[in-house]
Each structure stands twice: as structure tokens, then as C-alpha cells.
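Each position in the sequence shown, counted from 1, maps to that position plus 40 in this note's numbering.
If you're looking for bench data, these hints aren't it; they were derived computationally from the structure.
Some clues are possibly wrong.
Computed Cβ-Cβ distance ranges for the label pairs, DEER-style [unchecked claim]:
(1) R140 with L214: 29 to 35 Å
(2) T269 with R219: 37 to 43 Å
(3) G147 with R213: 27 to 33 Å
(4) G147 with E241: 17 to 23 Å
(5) G130 with R232: 16 to 22 Å
(6) H129 with P333: 24 to 30 Å
(7) T139 with N220: 38 to 44 Å
All values derive from a computational prediction rather than experimental measurement.
Each residue gets a CB set at the ideal place from its N, CA and C atoms; glycine is no exception.
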Amino acid sequence: MRVFFPPVKDTPDMNAIPRLPPRSTRGRSIPVRPQRAEADPVVFLPGLFMTSDVWVPICQTMGLRNRLLLDLPGHSTGETAAQVIEMLHGDRWLDRMETRIAEFSGGRPVHLVGHSTGGLVSLLLAWRAPQLVRSLVLVGAPITGHRDLPRDLGASLMAHDYAGRWSMLLLWRLGLATRNNFERTMATVMPRAAARNVPDEMRQSLQRCTPEAVRQFGKWVLEQDVTATMERIDKPCLAIIGRNDSVVPAQHQIKLLHHLPQAQAQLVPGGHLPFVEKPQHFARTLRGWLSLPHDTQTAG
Numbered sequence: 041m042r043v044f045f046p047p048v049k050d051t052p053d054m055n056a057i058p059r060l061p062p063r064s065t066r067g068r069s070i071p072v073r074p075q076r077a078e079a080d081p082v083v084f085l086p087g088l089f090m091t092s093d094v095w096v097p098i099c100q101t102m103g104l105r106n107r108l109l110l111d112l113p114g115h116s117t118g119e120t121a122a123q124v125i126e127m128l129h130g131d132r133w134l135d136r137m138e139t140r141i142a143e144f145s146g147g148r149p150v151h152l153v154g155h156s157t158g159g160l161v162s163l164l165l166a167w168r169a170p171q172l173v174r175s176l177v178l179v180g181a182p183i184t185g186h187r188d189l190p191r192d193l194g195a196s197l198m199a200h201d202y203a204g205r206w207s208m209l210l211l212w213r214l215g216l217a218t219r220n221n222f223e224r225t226m227a228t229v230m231p232r233a234a235a236r237n238v239p240d241e242m243r244q245s246l247q248r249c250t251p252e253a254v255r256q257f258g259k260w261v262l263e264q265d266v267t268a269t270m271e272r273i274d275k276p277c278l279a280i281i282g283r284n285d286s287v288v289p290a291q292h293q294i295k296l297l298h299h300l301p302q303a304q305a306q307l308v309p310g311g312h313l314p315f316v317e318k319p320q321h322f323a324r325t326l327r328g329w330l331s332l333p334h335d336t337q338t339a340g
């Protein structure tokens, strides 16, 4: 089936939402069902240089109890750079994630919500273990790493072993030293006022991580490209795109969504972290998506 994704204007109309209808609906509207007594399990994945603590406030806002928050490789206490390198040479880390998800949900399919790099990992999980995934929600997701975007200074440094190792160590020592420094660091990707909403638990969790372990995972991310397999990921997918995203531009995200058979996109206020910048609006968007009968949207 040929799909068409309307381009986003420089100043997009929030009422004109780019949308790719799921194949099986054939253009018909999808009814919203009431929330089940037992809500579907939801799994959250953060982006690079973040921990799952970043998702806690929005989960509390939405009252999501049946949830699992996962961290990316290198972003947990005690993980060394050598361990991360070994992990990334195979798929053991993805196997572990699949096992944790299956144990958490009791084998029930889950909604995977991934921010930025977490969106890329969500796609890999959906491709490898489709039986575990009910739907995908990509938030500011590059989907293919940054191979098809011009590399900024930070990405170039991260890819360079010598300069990257020392610059990452410096970032960790200075950027995480105090709450004020942390907010300044976060303000490079969001307004300073919004940076105050990032939980300090994330700063403390990052302090316990090994900077070089995080960088090694970042290097891996920069080389990823899953566009060749995206057309085989036939799961309902919502891309929540901040119209002011300065990290992964909205046009770029929409362009890549062409590869997903059941993708829809919704432009929302904010930038790369709309769930931090505009939590109420993000909560309404995500709540609406979770209420849909995704079990009927599987392509036939």
C-alpha cells in the first residue's frame, strides 16, 4: 500500500496533524474505547545521556501504575565501558530487555514508549519480538541514529575516542556537580524553565554511571540505521513530535516515518522533550493513544 505523509510547514498548524492511517482501517475512523479495568502494560525507555528517572513525573501525572522503566546500556550503576562494548557486540542486551519486559507483563504485549535513542531501541525490540509489542510511541525519535543528520560538535567529539573520553569526563564532573549546573546542561535542549522540571534523581543516577560506558553506547547509536527493517515492523505507531525540536527536526522525523506501515504523527507544543516541557498536553496525547483498540489495527 502506498502511503503519503503531508509535509510540515515551518510554522505548522496544530489542528492539521500529519497522519498515516493504519492499513487495516482503510480510512475509517477508529473508535475510542473506555479504559480497561486492568490497563495495558506500558514500558518506557529514555534517551541517550538520560535515565529512566526522566519518565517518572509524567507517569505520576497520568496515574500509570502498570509500567516498567528501563535504562539504556551504560546508563546503570556499576556498568563499565568494557562491559558495554562486549554487550554491544552481540544482542545480549536486547535479549535481557525482552526477558525483563516479558516477566513484567506476564507475556502480554506492551506499549513501548521510547524517547530519542529509546525510540530507536523500541523499534529494534518490536522487530525482534513482535509478540511482546502492542504499539509503539516514538518521542523525538531519530529512529536511525544520527547517520543521516549533520553531526554537531557534541556528536563528533563523542565518536572520537581520545577527545570523547576526556570531554565526557569533563561533562560529567561539571554538568552534574550541582543542581544549577545540571539545569544549565539540560537547558541546551529545552527552555531553562522546563529544565527545572527534570527530576534531580536523574542527575544523581547519572553521577553513579561511568561516563566512558555511556559514551561507548553513544558511539554505537551514531552508527545505527534500521530503515531497512522498518517496513517489517507492522505495529501501530504514534510519533509525538515537538514542533520546536532542535535536536531531531520535525521534518526529519516525519520523513523517516514513511518506512513504518502503521505510523501516525502528532505535532505537539515543545521541543525534544515535550513530556517535560508541556506535560499536560503530552499526557492527553499519550492517554488518547493508549485508549485505542490497537489489537484491531494489525494489518491483514
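Hint check results:
no., hint, in the structure
1, R140 with L214: 29 to 35 Å, "33 Å, holds"
2, T269 with R219: 37 to 43 Å, "41 Å, holds"
3, G147 with R213: 27 to 33 Å, "44 Å, violated"
4, G147 with E241: 17 to 23 Å, "30 Å, violated"
5, G130 with R232: 16 to 22 Å, "41 Å, violated"
6, H129 with P333: 24 to 30 Å, "40 Å, violated"
7, T139 with N220: 38 to 44 Å, "40 Å, holds"
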